[in-house]
Structure formats: structure tokens, C-alpha cells
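Visitor: So the chains spell out like this:
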Amino acid sequence: MPYNIEEQEDYLKNNSPYKMNDTEWRAMQERIKTNVLAASEKESKSRKVKFTSWKIAAAVAGLFFIGATCFTFWPAQKTIQSGNIAYDKAENPEKQLDAAINNLNESELNWVHQLNENEITEQNEYFEN
Amino acid sequence: MTATGIDQQIIQYCVQNKDMDKGFDLLMNAYGKRLYAHIRRMVAGEQDAEDVLQETMINVIKSIKDFKNESKLYTWLYTIATRECLKFFKQKKIVLKDFNEANEWLSNSLYAEQSIKAETILVKFHAAILTLPEKQRLVFNLRYFDELSYEDISKITETSVSSLKTNYHYAFEKIKNQLSNAI
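Residue numbers (my numbering), protein chains in the order written: chain S, 1 to 129; chain C, 1 to 183.
Isolated chain S, as found in the complex (with noise of 0.2 Å):
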């Protein structure tokens, strides 16, 4: 007659091979008990140690990153400084000449037209020639 597994259910599901007494269970479980918490008082010490790490790291890096910032910024500030003056220097010619030709009188204004053309026709006969 073949076995049948519903018929069967409450023993099948209420009786195991693996079974294992209160005693073994007991000592198993201290077992792993045992190894648990070593395992995760290894893995607390790591983590400080890789805490710590952290920090030193992210101490040398901020130091690192305030000096790069630093030595960044002082040459450029020069070079902004030293930009500036140049700007000025090339600004005030502009307005000193500006400056030269509102004193000038009449005269002298007449005089620097002529010395303009001059130059402009000896310019344009130089390149028909």
C-alpha cells in the first residue's frame, strides 16, 4: 500500500531525523554564542581602527587641502594684484594722453593734425609703391 503524506501530516510535520536533545542544543548554542561575540568584538575593533584611520587620513588631507588652498590663492592674489597695476598702467597712458591733448591750444592741435597726415601719405605711398 502506498504512503500516503496527508494522511501521515502530524507525524511527518511533528517528528524530525535531525532532532537534536535540549543538552546538545544547549552546548551548540554557546558554540556559536562564543563565536558570535568574538566576531563582532573583532569586527568593533576594526572599525575603530578603521575610524581612526579615517580620521588621521582625513586630518592630513584637510591639512593638505587648507596648504594647496593657500598656495593657490597667494600667487593668484599677486597675480591679480600685479594685473591690476599692469591694468592701470596701461589705463592711465590712455587718459594721460587723453589729459595732453584737452591742454593742448590751437596751435598745437593744428600742429599734430599735420604730423598725422604726413605720416598717413608717406604710409599710403609707401604701399602703392
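No lab work stands behind these hints: they were computed from the structure. Glycine included, every Cβ here is placed at the ideal spot set by N, Cα and C. Any given hint could be a false lead.
[Claimed, not checked] Subject to a maximum C-alpha distance of 25 Å in a straight line, what follows is the list of computed SDA-like cross-link-like pairs (lysine to any residue):
| no. | chain 1 | residue 1 | chain 2 | residue 2 |
| --- | --- | --- | --- | --- |
| 1 | S | 33 | C | 72 |
| 2 | S | 33 | C | 79 |
| 3 | S | 13 | C | 32 |
| 4 | S | 42 | C | 87 |
| 5 | C | 62 | S | 29 |
| 6 | S | 45 | C | 51 |
| 7 | S | 45 | C | 25 |
| 8 | S | 33 | C | 160 |
| 9 | C | 65 | S | 31 |
[Stated by the list, open to error] If you want the footprint, here are the derived chain C segments under chain S, 3+ residues with CB under 8 Å:
| no. | stretch |
| --- | --- |
| 10 | 23 to 36 |
| 11 | 52 to 65 |
| 12 | 122 to 132 |
Take the given structure of chain S and dock chain C to it, following the hints.
Guide: Relative to the frame of chain S, chain C by itself:
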């Protein structure tokens, strides 16, 4: 679904280093035997089951601080235990090249530990379970022995409910046939 009183206590103890051993005891008393039975039905061998349970517990303690009360604690525990079982099989399969060899090895480890009682129907029933493909065995065990709902099994195995029902049906029929032939 929020964690029950005992689950909250387990979590509270396990996340604090000083109370971790208390938490571990609570956890083992509440769920240890069920988890062990689940693992043992999957891997069969006593020593293998102990190793897998230990790995499960190490992972549970390590990640319990990240447990979100979105699921039940036991569903989460079963998920970790199942993952560890599958990891164990993956490692074994590297040694045992094909599926038949792996399943034969599982039945052998069951018979090896049963000695004289090896011919009883109970052992044959469990040997038949061990010959099932991994997924069918997993679904069958969780449904038949642990009496988990398909929804919970779906969360544990990350498989659809319809696929689980099909797997369970096939598994049940295969076991029935094997037992009919064995008697």
C-alpha cells in the same frame, strides 16, 4: 508591520555592545530552534547546519542596527538564514560539479547520521525532500514545516507568489511519487 515586544527587546540589546550577549540569548531562545531546523532541512549535515547558523547569527548581529521595522523580525531572520544556505550550496557546488552529485551528497549526509533508523519512513521523506531542486526544497520547507504564508516566503525568497505556488505543487507531487515508489 512593527516588531513585537520581544523583537524590540532583542534589537535593543543586540545593538549595544554591553548587552549583546543578553540579546543573543533572547534571539536564540525566541528563534534559534526554528532557524536551526530550517537550515538543517536545507543542508542536512549537523556540522554544516551549525556552521551556517553561526554565519547567520554573525550577519544578524552585524546588521541588526539596520533592521527597519517594515517587516517582521522572523521574516528578516529567515531571509538571512536562507541566503546563508544558498551561499553554502554555491560553495559546495564548486566542489560537487553537477546537480545530481550535490543532491546525492545531501541525502548521503542525512543517511550517514541516521545509522539504524535510516530506513524509517521519516528519513525517506526527508531524503525525498533533499533530492528536490534548491528552490522547490526551500519553498516546500518554508510552507510545509514552518507554515509561513506565501507572502512571507515571497519576501524571503524574492519570488512571486504564483511561482512559489507552482514550485510547492511540483515539490509536493515529486515527494509523493518518491514515497510511493519507496514503499
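Visitor: Each of the hints needs a verdict: does it hold here or not?
Guide: Results of checking the hints against the structure:
1. S:33 with C:72: The hint holds at about 23 Å.
2. S:33 with C:79: Distance of about 20 Å is within 25 Å: holds.
3. S:13 with C:32: holds (18 Å)
4. S:42 with C:87: holds (23 Å)
5. C:62 with S:29: Distance ~18 Å between residue 62 of chain C and residue 29 of chain S Cα, so the pair holds.
6. S:45 with C:51: Given that 25 Å is the threshold and the Cα spacing comes to 23 Å, the pair holds.
7. S:45 with C:25: Since the Cα atoms of residue 45 of chain S and residue 25 of chain C sit roughly 22 Å apart, the hinted pair holds (cutoff 25 Å).
8. S:33 with C:160: violated (35 Å)
9. C:65 with S:31: Within the cut-off at roughly 23 Å; holds.
10. 23 to 36: holds (count 6)
11. 52 to 65: holds (count 6)
12. 122 to 132: holds (count 4)
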